[in-house]
Amino acid sequence: MKLIKATLADFDTVKNIVHTTIKAIYPHYYPIGVVEFFLNHHSDDSIRKGLETETVLLLDVEGIIVGTG
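When we follow numbering that gives the first Met the number 0, the leftmost residue of the sequence shown carries the number 0, and every step to the right adds one.
Accuracy of the hints is not assured; some may be wrong.
Said to hold, decoys possible - Think about it this way: if two alpha-carbon atoms lie no more than 25 Å apart in a straight line, the pair counts; the simulated PhoX-like pairs of lysine-lysine are:
no.	residue 1	residue 2
1	Lys-14	Lys-1
2	Lys-48	Lys-14
3	Lys-1	Lys-48
4	Lys-48	Lys-4
5	Lys-14	Lys-4
6	Lys-48	Lys-22
Claimed, not checked - Across the chosen pairs, the derived CB separations fall in these ranges:
no.	residue 1	residue 2	range
7	Pro-26	Leu-2	27 to 33 Å
8	Glu-61	Asn-39	31 to 37 Å
9	Glu-61	Phe-37	16 to 22 Å
10	Val-33	Glu-61	30 to 36 Å
11	Leu-58	Pro-30	17 to 23 Å
It should be emphasised that the hints constitute simulated quantities derived from the structure, not laboratory data.
Every residue gets a Cβ at the ideal spot worked out from N, C-alpha and C, and that includes glycine.
Kindly produce the complete structure, drawing on both the sequences and the hints.
And the structure:
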């Protein structure tokens, strides 16, 4: 298991993890309006900006990316 710094090349992976998590987990705890807010908050532009200006990490387990943060 290792942490690696995500780059713009990892955009699709980061978006997939974030959006899949929000859609699968958040509806169990939040009203649909809140779920939609978080999906919009993590828009393509927002994710790209984060990858360009912040430290976004990927969790790699035996070559498979299993999480981001």
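Quiz prompt | Violated constraints from the hint list, given by number and in increasing order | solution = 9, 11
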